[in-house]
Every structure is written in structure tokens, then in C-alpha cells.
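Following the hints, position chain S against chain H.
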Amino acid sequence: LVFLSDEQLVSKCQTGFRKRHYASVLCERHSAYVTKFVLRRVDDIEVAKDIAQETFVNAFNSLMKPPNKEGSFRGDCPFKSWLLGIAYNQCNDHWRKSARRHQKSHVTIDDFDGEVSPIQISSEQGNPEEKLIEEERKAAVRAAVAQLSELDKTTIELHLDGFRYEEIAEITQSNVNRVGSRIFYAKKKIRNYLDKEGLI
Amino acid sequence: MEKTCEDMGILLSAYLDGEVTEVDRLKVEDHLATCLTCQRLARELDATEEILKKAFSDTTQPEVGMTGMWTTIASRVDFGPSIWQRLKKLIQVRWVWMPAAIATAAVAVLVFLTPFQSPERRVTITRVESISSRSGQVMILQAGKTSQPIIWILPEKEGVG
Numbered sequence: 001l002v003f004l005s006d007e008q009l010v011s012k013c014q015t016g017f018r019k020r021h022y023a024s025v026l027c028e029r030h031s032a033y034v035t036k037f038v039l040r041r042v043d044d045i046e047v048a049k050d051i052a053q054e055t056f057v058n059a060f061n062s063l064m065k066p067p068n069k070e071g072s073f074r075g076d077c078p079f080k081s082w083l084l085g086i087a088y089n090q091c092n093d094h095w096r097k098s099a100r101r102h103q104k105s106h107v108t109i110d111d112f113d114g115e116v117s118p119i120q121i122s123s124e125q126g127n128p129e130e131k132l133i134e135e136e137r138k139a140a141v142r143a144a145v146a147q148l149s150e151l152d153k154t155t156i157e158l159h160l161d162g163f164r165y166e167e168i169a170e171i172t173q174s175n176v177n178r179v180g181s182r183i184f185y186a187k188k189k190i191r192n193y194l195d196k197e198g199l200i
Numbered sequence: 001m002e003k004t005c006e007d008m009g010i011l012l013s014a015y016l017d018g019e020v021t022e023v024d025r026l027k028v029e030d031h032l033a034t035c036l037t038c039q040r041l042a043r044e045l046d047a048t049e050e051i052l053k054k055a056f057s058d059t060t061q062p063e064v065g066m067t068g069m070w071t072t073i074a075s076r077v078d079f080g081p082s083i084w085q086r087l088k089k090l091i092q093v094r095w096v097w098m099p100a101a102i103a104t105a106a107v108a109v110l111v112f113l114t115p116f117q118s119p120e121r122r123v124t125i126t127r128v129e130s131i132s133s134r135s136g137q138v139m140i141l142q143a144g145k146t147s148q149p150i151i152w153i154l155p156e157k158e159g160v161g
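As they're listed, the protein sequences go chains H and S.
As numbered in this note's numbering, residues 1 to 200 make up the first sequence, in order.
As numbered in this note's numbering, residues 1 to 161 make up the second sequence, in order.
Among the hints, erroneous ones may be present.
[To be verified] Lysine-lysine pairs mimicking BS3-like chemistry, simulated, CA-CA at most 25 Å apart:
hint, chain 1, residue 1, chain 2, residue 2
1, H, LYS189, H, LYS97
2, H, LYS196, H, LYS36
3, H, LYS196, S, LYS54
4, S, LYS89, H, LYS153
5, H, LYS189, S, LYS53
6, H, LYS153, H, LYS188
7, S, LYS54, H, LYS188
Keep in mind the hints are simulated off the structure, nothing from the lab.
From a predicted model like this one, the values you see are computed outputs, not experimental measurements.
Extracted from the complex, chain H is given alone in its bound form:
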């Protein structure tokens, strides 16, 4: 079944005789990415797995509904984007329920003190000094992105994962122009930070 596209699998899932089987193929295909997407937002693998699981339950229950019903899959965007949209909402629900959201929402990139976790460098790989600078920069970039607002962070991460502006807009329930604007300002903020830290 690996040769079947997501759209073909979704169609078989909605109308075929072996709905459960086709759903399991879709789940297998996307579970790792959905979990990774959620993990970037919750920083806890067990919570991420629970949210990913909940995402698939909601997604498949929606797929079983007739296409004209509220919350059902209409097929006007790629299945993966629709799935990530559900995951994104699940994460927002999680943060709404969690005290950690309060803590996170009050930290911005401007408050970031530049402290990053210690970097492990192996002297066997190339020039250790160059490697150290490279690893420092990577850690600083990741830390800088982590301090962006949830929406900007999600937008830039999806962009780096290769999603088109239109797909990002679908996932984050926004529009293409706003996505473009968020990506531009997020890049500027990150660049200014790295510049200030002397990393570029």
C-alpha cells in the first residue's frame, strides 16, 4: 500500500470495506512526524505521544463523518496539513489546560538571556574549535527559535520542514499573507539575535 497516495488512502478509508486497515496505513505513515511536530511544542515525549494519539483519534472519527458535516475532512487541502492542523489545536488545548503555557507565553525572544545548554563536542570530528563554534551557533539558533511566540515558532518550523505558505496557513488557521509576514519577521528577529551575540 506504500504506492497509494494519502488522498487515495483517505478515500478508501471513507468508502472502502477495509477502513480500519487503510487508517492504520495512514497512521503508520504520519505518526512519527505528528509526534515530532507535537514534541516541539510540549517538550515531553509521553505528553507528545498522548497528543499525537488524540490527534489521530479525532482525525479518523472526522474521516468517518459524511464530507458535508462540520469538522469532517473536505479534501480541499493535503491530508498531512489537515492532520497537523488538528495536532496544532490539540497542542493549544494542552497549553490552555496546562500551567506551563502561562509560563511560556510571557517569555519572548527579547527576554532571552542567551544561556544555552552545554554542548558535547567530539574531538574526532574535524577541527574541534570550528566544530564548537558551529555547535554553539546551532544551539543558539534553536534556542532563539524556541523563544519566539508559539505561532511564530510553529510557522518557522513548518517552513523549515518544507511546507508551503498555503499549507502553513491551513495548519495554523491563518492566511498566506500573515504566514509570509511571520516568516519574514521571525527571520529578522533571529538574525538580530545572532548578530548581537556575535555568531554571524
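Leaving out everything else, chain S in the frame of chain H:
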């Protein structure tokens, strides 16, 4: 109206990401050809993109225990009745399965009995040897392919003249 460099930033970023229309692409390229500030901004955005991609390139996907995950998901999704459940439900409706069972039994009996029935033997009449008409009946003596004599006794009115 010509876009200022301030307005051009977002469009320039989208242009570098390949996310602009043909019209906007030409606008950006025209502007870039003459504006040094925007040329510099384009280089910076490009470099930032590269740095970001490098920083996020080695983030590995988490291991997900699919078996356990799928079992839980499947138990919480209503996929509707399976083929077996649909058949079972159909069988429970008496007015459907009673006539169906009778029809099936009749077909089965026919199918089983047909091979045991001897086929109708056809006799080729080759010639009539003699006709005797006494006591109101016609007797036909006929020799078949096997040369075995066959005697037909028919009522006179049906006999061959």
C-alpha cells in the same frame, strides 16, 4: 505606486521562498536590480535561512511505538460495522434469510441430482421393416444402428401409413 523598501521586505522574503506570483516576482526583480539596501536584505535573509536549516537539519524523529499506539487509536474510532458484522446483521433479519435459505437448498438439490439422471437416449430410425395392422394397432419393426430389432406398437391413427 512603487513599493518602498520597508514594504518590500515581506515580498522579498516570499520571493526567496518561491512563494510569489509571476507579477510580484517581476516587481521584486525590478526593485532588486536598482536597490542596494534590498540586495543586502536578500543576502541576509538567504543566509539566515541557511543557518536555520543547518540548525534544524539534525533533529531526529522520535521513536513511536506504533503497535500500542494504533491499538488504542483503533479502539477509540468508530469505523462502522465490519463485513462480518454486516453479514451477521443481515442474517438476523428473518424475512431475508428464510427465502434465501429455501432458494439455496432448492438450487443445491438440483445441482446434486442432475449428474445422476440418465440422459434421454435418442434412437435413430433407419428403416421400417414391416407394418402389420391387426386388432387396431400398428406394429413397426425397425432395425437401429446396432442392428437390434425394435418393435413399436402404436395406436392405428398415429401410425405411419
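Checked hints:
no. : hint                   : in the structure
1   : LYS189/H with LYS97/H  : violated (29 Å)
2   : LYS196/H with LYS36/H  : violated (30 Å)
3   : LYS196/H with LYS54/S  : holds (20 Å)
4   : LYS89/S with LYS153/H  : violated (51 Å)
5   : LYS189/H with LYS53/S  : holds (16 Å)
6   : LYS153/H with LYS188/H : holds (13 Å)
7   : LYS54/S with LYS188/H  : holds (17 Å)
The structure shown violates the earlier hints numbered 1, 2 and 4.
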